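Undergrad: Assembling the complex is the task here: the two chains are given apart, and the hints tell you how they should meet.
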Amino acid sequence: MKQKNYYFRCIADDCIHYWKIIVLSVAACAIISGVLGYRKIGKVNHLAAREQEAVDAYNEQLAAYDKQIEEAQCNIDITLGEIENIQKYVDEAFYMKLDAVNLQAATAQYAVTGAQDTGGVLNSMVNYLAYGNVQECLEAEFGSLEAGYIRELLSWSVNGNILNITVLHYDKGQGRKILETVQKGIVGHVPEIKKIYGEFSLRRLESTFYTKKDNDVTNVQNGKLDALKNYNISLADYQSRLASNKRSKAEYIESSQPEVMEASASGKILVIKYAILGMIAGCVIPLAVLSLRYLLSDRIRSEKELIHTDMPVFSCKSQKEGRAFDTVTGIMELKFLAKKYCAEGFYLNLLSENEAAIKTVNEITKALKENGISVASGAVSSKDSLERMIEKKYAVMVVKAGENTYPQLAGQIRTCRKFGIPVWGCIVI
Amino acid sequence: MEVLVEKYKRFVRDSCNGEVLFFGGFILYIFWKMIRTTMFPYSETVFQTCLILSVVLLAGKIFLFDSYTVKMFMAVAAMLACGLLIAMASGYLWPFIWVLMIAAAKDVPFGKILRVHLLIGAVVVGLAFCASLLGVIENLAYPATDGRGIRYSFGCIYTTDFAAHLFFMLLTAYYLYHKKMRWFHYIGTCVIAGVIYYYCNAKLDTICILLLAAVFGIYHIMRWQREREQIQTSDMEVGNMQLILFKRTKACLTLKKLLGRLAFISLSVISLAMYLLTSAYREENKFLEAVNLAISGRLMLGKKGLKQFGLSLFGKNVPMEGMGGSLKHTKPYFFIDCSYLFILLRYGILFLGIVCIAYGIICYKRREDTALMLTILLLAVSSAIDQHLLEEAYNPLGYALFAGMGEMSDRKAYIFGGGNQAGDLGKAYGFKEDGGKGERKKKKG
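Residue numbers (my numbering), protein chains in the order written: chain A, 1 to 429; chain B, 1 to 445.
Chain B on its own, in the form it takes in the complex (with noise of 0.2 angstroms):
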């Protein structure tokens, strides 16, 4: 018994312990919620078990290992018990997990987080792809309503699923490898939603794939202007100097600016913008009706959904029929394909309230990112179309409102500890005694 609480001990004092008991809840709930998105056969059970043990997991990674403020510690705590009235409003705990893994995700790397998520969505997603073409697994065939021919599945419980595992999988690469991409990246991308578009026919998911190569290259040409920027300089004199000008230097700063402003308020615009649409929907209002047709009647279907459950505060139970999992139906189809509509109507208005003042916080605390400001534009625009916004199997971007914000700086902590090894080393270099992140000067003689 001793030596267990010893061990305990030891354990509880190394604070990359934390990020193993996280990274273990992870995977685990990440692994299983992503198995249930394709048609590989699983056991409830299993999935209830792997479930619990992950949330064990989160909750000791909370307690054991990490510490907040006042403030974080009122809201995580708030936002917890939001996450428990909607369980006990409307019967769905899904919220409360959601919160509890990114309150988890506290000074976790978030590079790590997201290479993570995206190794284990490229392995279940690709061993579903295979499998359905091998035949082991179903690979759903439906009619397309317009008359375009078959939408596959590939594995996954319906067309879009499939296609929003692409986006989300895309966007969670463009935003780690943004800097190394290449063109033949942008035309691959462009490749894939191409494939997308004849194979599935997820008409908005291609639309959003193009719009990621699109705004990630825009943005990719910008840097490399900006990198090569050639002095220019004007006639004008100030003082005896003349004025130097750094034309598209500036213009990349602006939209640096303008892009955290704009993803601040995405979220909540987008949001509030999809409501108005569509509780003023009506079939003979024209302009409401294309864009209904348009977003292949996502704007009815929220309507109804309005109308037959209307808002509340906590959410209610919202029984939703879908054409995933099988190609018989016999119920008839409702199905809210606007993250946002999907929130409000299931978990209500004070918790998607908490979605986007989450969101706003990532913003504005990582404003400095662009393109994490990029990526969370595309997240808006897509939530509007897709119900993933919440889903932990396609989206991983949440976890950016506590986890570290860059991988040095445990790193930093681990080689220098806790003294002034760093001064210790700068004086041997010559470098400032601060540790200071200025060039390296090498002293001469």
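Isolated chain A (complex conformation) (with noise of 0.2 angstroms):
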């Protein structure tokens, strides 16, 4: 395997050596999970009579909470409605903006001769200024947005043959383009109704402009004022009467919701669920105390890491990467250690009694035996190790990676400081 999966082999080779703990978990959460599920539906399986009736009357005010407050949401909604309705008309009205004390008057007089029915034909002309036909002329002219505005400042009366039309305004100038645009669409409609009610003539009588004070016009515009003001005391009572139904209903909830509200449905499946659960949870449990264990313990965890501990490290790889030992840096770094300090050998010091560990510390020896160089090995908890070692005068130390800790290597780098010991370094595996 490659260096950088240590990590997981390590991990996984964990997991292997405590399988027995892993597989007693699995069933100990499997089960555990079970029993809560299996209480979960015996909880809920059934209700009796009493909680039934105790879950319909909850249910029952819930529902009068919600019809409550989608009423008063209803409200809200239809009071902001004409709230803006309102809101805008009073903002985009002309005649909102008229000053009463200081209206601009416009007036035309026209007077109806020689018609067959002068009344037809009065009517008709006030019937044009009434329903709509004028709108074309205003909208031609001042938009349809100001036309529907303009509408309300007109005003017209009729008196035996005469028709006064007239037209208040803030602006005089306004006042009289709006009087003369009428005026166009009164003279524009003469021939249809001379089609309906026969000849007669339409003289113009003379226009007037004055200023005028008039009461009714600020009992109008306080009229709309009072209005938008009701809706707003409205508004305001409707939301808080929701805001208050929410909050009841949320205390409802909070103080008398039964413990149990519904039958379970399916109970056995509900127990698998839990017991699948279990399951997965026993696996992911002792992986994550396993990992956690690897990540905040001290150990080393390649060769790599021990080089950035600026320790000296020599390699030397295993022989089923297939290069022969005699060849690997380690070993030839090692050869000319010994040369030269003179040595006859060293101590192989194993940190770690693991299988791969020997087998490579064996072929090492053997590599280094052949060149000469005698080479014992062990590890240093015996009495007899120790003296070999001080025998052989320097030392090697060989970790695995993934089991052997840096308080494990200080120590015996210890160990070898309090002997007088030169340690060349280490070889990890």
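If you're looking for bench data, these hints aren't it; they were derived computationally from the structure. Note that the coordinates shown come from a computational prediction; the quantities given were computed from them, not determined experimentally. It is possible that some hints are incorrect.
27 angstroms max Cα-Cα, derived DSSO-like pairs, lysine-lysine [claimed, not checked]: (1) A/K246 / B/K303; (2) A/K246 / B/K307; (3) A/K304 / B/K112; (4) A/K339 / A/K418; (5) A/K418 / B/K9; (6) A/K229 / B/K304; (7) B/K179 / B/K250; (8) A/K249 / B/K304; (9) A/K400 / B/K180; (10) B/K256 / A/K304; (11) A/K246 / B/K331; (12) A/K229 / A/K184.
Chain A is faced by these chain B residues, among others (derived, beta-carbon under 7 angstroms) [claimed, not checked]: (13) F23; (14) R115; (15) V123; (16) C130; (17) V136.
Every residue gets a Cβ at the ideal spot worked out from N, C-alpha and C, and that includes glycine.
TA: As structure tokens, then:
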């Protein structure tokens, strides 16, 4: 396996090593979860008559709250719509901008003569003003948005055979312009009236422009503003009612919700689901614990990691990778070191009694023996091994990545230091 | 009694036990915090007990094993004091615990902390995922407001919480293993992003995950190109020597510096930008409204929060009602999904400043670590759209403030101890006297 996978390999090794605990954990978690699942079914399997009554009453009350909330919301929506409309009118309508004590009035008078049915002719003109055709003229001149509001400024009256048209405005020039537009419309409509009522003559009498005061305007304006105010008050009232209903519902749910709300549908399936989750947890938790142990322990994870601590490391790759041992870099370096210090041999201090470590050590020993360098090896845990190490005078540590820890390595180095044995470095397996 | 005292003295003498205490408290705390982000039932009493135990272990590590310079001590003490003042002002103890955990991580290898965090996250979220699919715990299914089907939370309390867990786990994994990433890892990350978008409809988290893959992918390509730098010679000569240009290496080094500087200011700049955008937000402003819609109404909610609660030095009690934990919600929705505004409103201006400074110091101390700079940049961006910057169950990067720079420094101390063993070894092997980092020199003859 490549060096970078030592992490997972060591965790996998631990998992294999502790397989019994993992199996026990899976079984235990599955059983505990199964029991929890069974208890959950047991709680809700059947509802007693009293429980059912309580649930029904609870649901009824909730439904009542929901209805009140819905009604309040509906009222709020309607009120908001009304407020929007009135507010728009108040903001945009020309009538609302009129100054009741300084109204600019523009008046035109027309006399109808020579008609067979003067009343009919005058009614037609009034209808023209009241029911729509004049709208086209106003729209053409002022645009559709303003035309709608201009209609309110227009008023008319009939006295005998005289038609009076009045336009109120806050701006004299605009009032005049509107009046002229209406007059054009009236004149343009005359041929249509003649087709029905026969020939007649429409004589324009004087147009007058003056300022007037009209309390009715104030009354109408105040009426609209009062309506807006009332709607706003209603809105606030509905909103507080809605909030109060929601609060009451939340409090009711918190205080009165029955413990058991409904009977469970499928008991066995729930137990199986809980058991499956238990098995998953039973696998995951030990794996997590082993991973945590690996992460938190001070294990030497790789050769590279040890190199970063400035510890000399001799790279001795195993025969599995197809290289003869005597050509491996680490072996050569050890040979050169032995020659440099004129050492007959050195001691390989095994920190791990792992099979792979022992095998590698044996192969290194063999390779070095062929070059006349005697190598002793063993774990320095007994008096004999310590004696052999002292005899050899030089030591090289052999650590198993993923198994041996930094404290272990440090302990061995301290032992060597105590007996004055120089440590040349480490071999990582 | 004497035996206990002796054991205690032996325990305190061994510096490794500090790490044991830290990880004991850390694992306990993180485990429960993560459980609380899932639909697994838990006992509040047990959680409180484990919380107290964690605090005791972490405090024990700080008092028994950590040593500080005067400056560091003042800084840590000030941060803890700020945490306590926030607890008194707003009732939230989490800032204090966050500071405690970060202080307790002093000299603990940062890589180790991240690996443990990743492992616990993978286990908890993985189990929650399996449990939700089996129906053992509820797999909350929310209808998407834009009519794009159902959003599943896969055992977490909300869909975006599940997506955030995946994002932060991927972020941690990318930082730890960025040198070992291959093309299929990046493809896999994009697939995960697609799955999250399809099943959870977590648009912004999906973008963050794709950004993560893209950013690290580009960095990977740059590193790979630098490693394969062809020697480019120009016609220019200096003295009698031809000038050699390493264009890609130069570009890589320039990028490294730039990333370091960007990461240094990222949190401060983005937090300020979010605050300004939020406070300036008006529905009538088309640009801000477009930004607001793009980030799912976060500006609007942030503005509401600012208006309602305002700013304070040590924070206020800001009750929030989210969509998580249940499908039934009767209270109106109000949740600040931006970490910066979340911290600003709940923990105050001072604490937000502390957090920005802390991450700035991390970026300054570890400016050589380009991968960390990229990670913090991505964190800063994602914190604008989620509230997990200070949540230990999601974000483990804060520990880098005091954590050990590498895993090797304590190992060297272990092996070589206080004596000049390194020198002895060096002599034996022909190393430099100072146990130098240069290449090995083989002595001839």
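Undergrad: Does each hint fit the structure? Answer for all of them.
TA: Structure-based check of all given hints:
1. Only pairs whose Cα atoms come within 27 angstroms are accepted, and A/K246 paired with B/K303 is accepted, the gap being roughly 24 angstroms.
2. Restraint check for A/K246 and B/K307: the C-alpha separation of about 24 angstroms stays at or below 27 angstroms, so the hint holds.
3. Straight-line distance between C-alpha atoms of A/K304 and B/K112 comes to about 17 angstroms, which keeps the hinted pair within the 27 angstroms bound.
4. Note on A/K339 and A/K418: the hinted pairing holds, with a Cα-Cα distance of about 25 angstroms set against a maximum of 27 angstroms.
5. Between the alpha carbons of A/K418 and B/K9 the distance comes to roughly 24 angstroms, so the proposed pair stays at or under 27 angstroms and holds.
6. Restraint check: the Cα-Cα separation between A/K229 and B/K304 comes to about 25 angstroms, which is no more than 27 angstroms; the hinted pair holds.
7. Taking the CA atoms of B/K179 and B/K250, the gap is near 20 angstroms; set against the 27 angstroms cutoff, the hint holds.
8. As the CA atoms of A/K249 and B/K304 are separated by approximately 25 angstroms, the hinted pair is consistent with the 27 angstroms bound.
9. Annotation: proposed proximity of A/K400 to B/K180 holds, straight-line Cα distance about 24 angstroms (limit 27 angstroms).
10. Distance check on the hinted pair: B/K256 and A/K304 sit about 26 angstroms apart at the alpha-carbon level, within 27 angstroms; holds.
11. Taking the CA atoms of A/K246 and B/K331, the gap is near 7 angstroms; set against the 27 angstroms cutoff, the hint holds.
12. Taking the CA atoms of A/K229 and A/K184, the gap is near 40 angstroms; set against the 27 angstroms cutoff, the hint is violated.
13. Because the beta carbon of B/F23 sits about 6 angstroms from the nearest beta carbon in chain A, less than 7 angstroms, this interface hint is met.
14. Hint status for B/R115: holds, given a least beta-carbon distance of 5 angstroms to chain A, under 7 angstroms.
15. For the restraint placing B/V123 at the interface with chain A, the shortest Cβ-Cβ distance is roughly 5 angstroms, inside the 7 angstroms limit, so the hint holds.
16. Given hint, B/C130 at the interface with chain A, holds; its Cβ is 5 angstroms from that chain's nearest Cβ, closer than 7 angstroms.
17. A least Cβ separation of about 5 angstroms between B/V136 and chain A falls short of the 7 angstroms threshold, and the interface hint therefore holds.
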